[in-house]
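Undergrad: The chain contents come next:
Number of protein chains: 2
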Amino acid sequence: VLSLCCLVFRSLVIISTLDGRIAALDPENSGRKQWDLDVGSGSLVSSSLSKPEVFGNKMIIPSLDGDLFQWDRDRESMEAVPFTVESLLESSYKFGEDVVLVGGKSLTTYGLSSYSGKVRYICSAMGCRRWDDDETEQEETLLLHRTQKTVRAVGPRSGNEKWNFSVGHFELRYVPDIETRAGYIESNFKSNMNKEETKIISDVDEQEAMMKDTVIKVSVADWKVMAFNRRGGHLEWEYQFCTPIASAWLVKDGKVIPISLFDDTSYTANNEVLEDEEDLVEAARGATESSVYLGMYRGQLYLQSSVRISEKFPTN
Amino acid sequence: VLSLCCLVFRSLVIISTLDGRIAALDPENSGRKQWDLDVGSGSLVSSSLSKPEVFGNKMIIPSLDGDLFQWDRDRESMEAVPFTVESLLESSYKFGEDVVLVGGKSLTTYGLSSYSGKVRYICSAMGCRRWDDDETEQEETLLLHRTQKTVRAVGPRSGNEKWNFSVGHFELRYVPDIETRAGYIESNFKSNMNKEETKIISDVDEQEAMMKDTVIKVSVADWKVMAFNRRGGHLEWEYQFCTPIASAWLVKDGKVIPISLFDDTSYTANNEVLEDEEDLVEAARGATESSVYLGMYRGQLYLQSSVRISEKFPTN
Ligand SMILES: [W+6]
Ligand SMILES: [W+6]
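First to last, the protein sequences are chains Y and U.
Each residue of the first sequence is one higher than the one before, starting from 496 at the first, in my numbering.
Each residue of the second sequence is one higher than the one before, starting from 496 at the first, in my numbering.
Keep in mind that the hints were calculated from the coordinates and are not lab data.
Just so you know, even glycine gets a beta-carbon here, dropped at the ideal spot from N, CA and C.
Do not take every clue at face value.
Here are the simulated lysine-lysine pairs, DSSO-like style, with alpha carbons at most 27 Å apart [to be verified]:
#1 U:613 to Y:657
#2 Y:719 to Y:750
#3 Y:657 to U:750
#4 Y:707 to Y:750
#5 Y:613 to U:657
#6 Y:750 to U:719
#7 U:657 to U:553
#8 U:528 to U:553
Only some residues are given here: those of chain Y computed to face chain U with a beta carbon under 7 Å [said to hold, decoys possible]:
#9 597
#10 600
#11 601
#12 603
#13 614
#14 618
#15 620
#16 623
#17 651
#18 670
#19 794
Some chain Y residues well away from chain U (every beta-carbon gap over 10 Å; in silico) [what the hints assert, rightly or not]:
#20 527
#21 613
#22 705
#23 753
#24 777
So here's chain Y without its partners, still in its complex pose:
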């Protein structure tokens, strides 16, 4: 079994759901769940800001990245509030006498064995806790980085809480096993900073999340992962989650490929030629509107924007 895992690296589809859990599906085995992770770190988003009681007819809706939006229910308008969770923390004293802001931003890393999903260590600002496991020592390491941002508003004299909210998200990184890097020279930071082996978003940015025969896609509205056949375009398998999906990745061949959350069309080539200026504008508008998703989880409204943030300018 062990030798199987290291000789033939299996692919994995890793899903982060809004309840704070992580699931790993086997794309070469009909999307069967390989393992599940719940480190008890809580939901990705929670707040008291969306309750009408807090701010009347204005509701503050957080995005999973920590941006804030104000929905004015009377005017039916959604506006950007130019505060993020982080800038709120830096501006505590500017809020006047009635409010004191406390909170923080934390970055915690969970080191897992990729095949079995067992936790090897959890490291945070407080320190590290480690678990040894001879069985899993040979497996490659999957790193889940959780960023959580929290703000609480309290009364200055009493310390009574007025409102709070907390948003977080996971990022994934793959670390190959030492033996598969035989002959690899331990490089120093200088070249490390420019190395791309284990980057999360990189050259593969333009790749679709593709297996040999299938393309993996996520429907954020339906909370499910789907695999489409590349040639026929038909659905090969799908996996239904019971909570909204926050992020998704495909790990294969030592690379981590983000799976777009906003492209749930089946895999068909698009040959449509947009002749008209009007058609052009309409198509662009369609694309714009579907790049933001507003969902609700446990009574909490939240926003997600297009996951595939391109880091590169296209070329001529």
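On the provided structure of chain Y, position chain U with the ligands as indicated by the hints.
TA: Just chain U with the ligands now, kept in the frame of chain Y:
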């Protein structure tokens, strides 16, 4: 006693020392210590980065604000490292395969009774803890905001720590008692954002930390607070600390006035006319050099820069 405290607001000199403690001195009573606070939140700065064993002849020296500087002992040069504690946390994956960065930034508020120094509440990202005390309910509230930024570097596969450091600082805010604001209309956030009653750095930015007769100054090199007579310029009192001083404030008349850490000259008017261009350059150079202080605390080197960060442009 109680009525005395509320009728005649006493001034206080608040000192934050590098061991994480806060002291309150009575400037109208020869600088006698009125109270002391140690919430067990640890030193303001601690790290493993300055030990030669970590990086050879390059030592990483943090400033109390979270900036990082690299001292190359061979070349005798001090350079800015364009990473701050916060940017390190955002760039975790860029450090290559050998290092995973974890950590966080936290903002915690301690609500104290100004006269007695008793803790009324401690609020942080985790929540609030409150202590009721009828005796102190009438006192004005002093708010100490502690910001702490921590980074740990660990090995990706093992979770073994490679290095760490943590820097923090306090900020002070004064909240007047409700009764002294009789007739004051509870304003909403709109006007609060622009209100100046309880600002930390404000109009008073140009004020010297002055009492009726004395001027309060801090000698960061000698770890002491001094009060000079305004007319004669002689020393009225001084208070010697056993640990370096990080920040200092004078609270009087409901205002918080930061005390510069870099102006330990006695109080004398400077009538020197700088005629020569050369004199001008030399004087400016002297001022530049004394605006940064490098100290050591428990074997840990750290930097402090000029506390009086002016937020305003001078006027014509
Ligand atoms: W209150
Ligand atoms: W290692």
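Undergrad: For every hint, state whether the structure bears it out.
TA: We went through each hint and held it up to the structure:
1. U:613 to Y:657: With Cα atoms ~23 Å apart, residue 613 of chain U and residue 657 of chain Y stay inside 27 Å; holds.
2. Y:719 to Y:750: With a Cα-Cα distance of about 23 Å, the restraint between residue 719 of chain Y and residue 750 of chain Y holds, given a limit of 27 Å.
3. Y:657 to U:750: With Cα atoms ~26 Å apart, residue 657 of chain Y and residue 750 of chain U stay inside 27 Å; holds.
4. Y:707 to Y:750: Roughly 15 Å between the alpha carbons, so the hint for residue 707 of chain Y and residue 750 of chain Y holds.
5. Y:613 to U:657: Roughly 23 Å separates the two Cα atoms, so the pair holds.
6. Y:750 to U:719: violated, 57 Å
7. U:657 to U:553: holds, 16 Å
8. U:528 to U:553: Judged against 27 Å, a Cα distance of about 41 Å means the pair is violated.
9. 597: Residue 597 of chain Y check passes; min Cβ-Cβ to chain U is 5 Å, inside 7 Å.
10. 600: holds, 5 Å
11. 601: Cβ of residue 601 of chain Y sits 4 Å from chain U, so the hint holds.
12. 603: holds, 6 Å
13. 614: violated, 10 Å
14. 618: holds, 5 Å
15. 620: The hint holds - residue 620 of chain Y has a Cβ within 7 Å of chain U, the shortest such distance being about 4 Å.
16. 623: holds, 5 Å
17. 651: Check passed: Cβ of residue 651 of chain Y comes within 5 Å of chain U, closer than 7 Å.
18. 670: Since the shortest Cβ distance to chain U is 5 Å, the answer is holds.
19. 794: violated, 20 Å
20. 527: holds, 27 Å
21. 613: Non-interface label stands for residue 613 of chain Y: nearest chain U Cβ at 13 Å, farther than 10 Å.
22. 705: Nearest chain U Cβ is 23 Å from residue 705 of chain Y, so the label holds.
23. 753: holds, 13 Å
24. 777: holds, 38 Å
The structure fails hints 6, 8, 13, 19 (numbered hints given earlier, in ascending order).
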